[in-house]
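Colleague: Sequence:
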Amino acid sequence: TSNAEIRLISTLPFFILGNPRSGTSLLRIILNAHPNIVVPPESGFLQWWKSKYKNWERRDNYSDRLDQFITDLLSSKKIEAFGLERIGISDYIRECSPTSYSELVATIYRYYGRDKDIHVWGDKNNYYIHHIPELLELYPEARFVHLVRDGRDVACSYLELNQIIESEAKYRPKLVNTIPGIAEEWVDNNQKIERELRECPLIFVRFEDLVTNFQSEITKIFDFLGLSWSDDVERYYLHNDEPESTLKWKQKTKMEPQKGTVGRFLHELDSSQIATFEKIAGQLLTKYQYKLLN
51 TSNAEIRLIS
61 TLPFFILGNP
71 RSGTSLLRII
81 LNAHPNIVVP
91 PESGFLQWWK
101 SKYKNWERRD
111 NYSDRLDQFI
121 TDLLSSKKIE
131 AFGLERIGIS
141 DYIRECSPTS
151 YSELVATIYR
161 YYGRDKDIHV
171 WGDKNNYYIH
181 HIPELLELYP
191 EARFVHLVRD
201 GRDVACSYLE
211 LNQIIESEAK
221 YRPKLVNTIP
231 GIAEEWVDNN
241 QKIERELREC
251 PLIFVRFEDL
261 VTNFQSEITK
271 IFDFLGLSWS
281 DDVERYYLHN
291 DEPESTLKWK
301 QKTKMEPQKG
311 TVGRFLHELD
321 SSQIATFEKI
331 AGQLLTKYQY
341 KLLN
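Per the numbering used here, residue 51 is the first one in the sequence shown, and the count goes up by one each step.
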């Protein structure tokens with residue numbers, strides 16, 4: 051294995067976490083546009099196969115166990131977006147010769163970005179909010195980006211999606227459709243991220259700051275990840291790799307930052323809906339510096 055491969059195997063990952071409809075897919079695509087970062091479309095295979103392959107050893111790369119792992123990997127939900135070929139990924143894993151499950155997983159991410167000079171790999175998946183201890187078990191020194199969006203705008207997005215997504219859509223997100231339910235979920239998810247990552251390297255980013263002050267906010271994230279600015283990220287929407295199966299409800303990832311999405315609740319929710327949301331989530335909204343109307 052070359053020195054470059056050894057360096058890449060030891061590279062620590064970062065994870066983007068946020069309540070659904072907070073802009074985490076947008077942030078993934080922005081960061082993935084950097085020439086030294088790879089953040090593939092979401093698939094939770096990292097957590098799904100952990101219990102079966104957690105005792106991975108170097109010798110497994112040259113045994114039937116590798117074939118079994120690849121079969122399982124290729125059966126994972128949403129993995130088709132990675133564009134993996136059995137022979138290609140098999141050869142790449144053998145070449146990298148990972149000595150643990152953590153390294154094995156890192157190899158899959160690097161394979162996705164094999165045409166880039168990867169210094170950092172990342173993963174975006176809101177599903178991981180409920181599996182943070184497992185992420186930390188695999189990568190105790192991983193970095194985390196906590197993306198927060200005004201919960202009242204999140205509520206608008208939930209309600210809109212429940213109307214526009216066909217029930218038969220393959221990966222249709224299952225979203226709460228009542229204001230109290232959305233408010234409670236928004237509070238629970240954000241508090242869980244805060245609580246479970248209290249001792250971890252963590253950067254807090256507000257969606258509103260991201261779209262209104264793009265270069266400054268993204269530069270903060272690059273500094274946090276130990277990387278320099280790249281002009282490529284300003285044209286992220288030209289390099290969108292979001293799969294067709296989920297693009298229907300992620301159309302804004304194909305556009306420049308949409309400042310019009312900030313404060314949409316002011317004209318989409320009625321006063322009673324806003325009051326209900328603020329009664330449940332007001333304390334956290336205030337903590338994140340969102341102005342209450344009630």
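FYI, nobody ran anything at the bench for these hints, they're computed from the structure. We put the CB at the ideal spot given by N, CA and C, even for glycine. Honestly, I wouldn't trust all of these hints.
To be verified - Simulated restraints on C-beta separations:
| # | residue 1 | residue 2 | range |
| --- | --- | --- | --- |
| 1 | Asp167 | Leu288 | 14 to 24 Å |
| 2 | Ser321 | Tyr142 | 52 to 62 Å |
| 3 | Asn105 | His169 | 38 to 48 Å |
Claimed, not checked - Taking lysine-lysine pairs in the DSS-like style, the calculated list, with each CA pair at most 27 Å apart, reads:
| # | residue 1 | residue 2 |
| --- | --- | --- |
| 4 | Lys224 | Lys242 |
| 5 | Lys270 | Lys329 |
| 6 | Lys341 | Lys329 |
| 7 | Lys166 | Lys270 |
| 8 | Lys329 | Lys224 |
| 9 | Lys329 | Lys100 |
Colleague: Are the hints correct? Go through all of them and say.
Modeller: Hint by hint, here is what the structure shows:
1. Asp167 <-> Leu288: 14 to 24 Å: holds, 20 Å
2. Ser321 <-> Tyr142: 52 to 62 Å: Given range 52 to 62 Å: holds, Cβ gap about 56 Å.
3. Asn105 <-> His169: 38 to 48 Å: violated, 29 Å
4. Lys224 <-> Lys242: The given pair, whose Cα atoms are some 20 Å apart, holds under the 27 Å limit.
5. Lys270 <-> Lys329: Outside the cut-off at roughly 33 Å; violated.
6. Lys341 <-> Lys329: holds, 13 Å
7. Lys166 <-> Lys270: holds, 22 Å
8. Lys329 <-> Lys224: holds, 24 Å
9. Lys329 <-> Lys100: The hint is violated at about 40 Å.
Violation of the numbered hints given earlier is confined to hints 3, 5 and 9; the remaining hints are satisfied by the structure.
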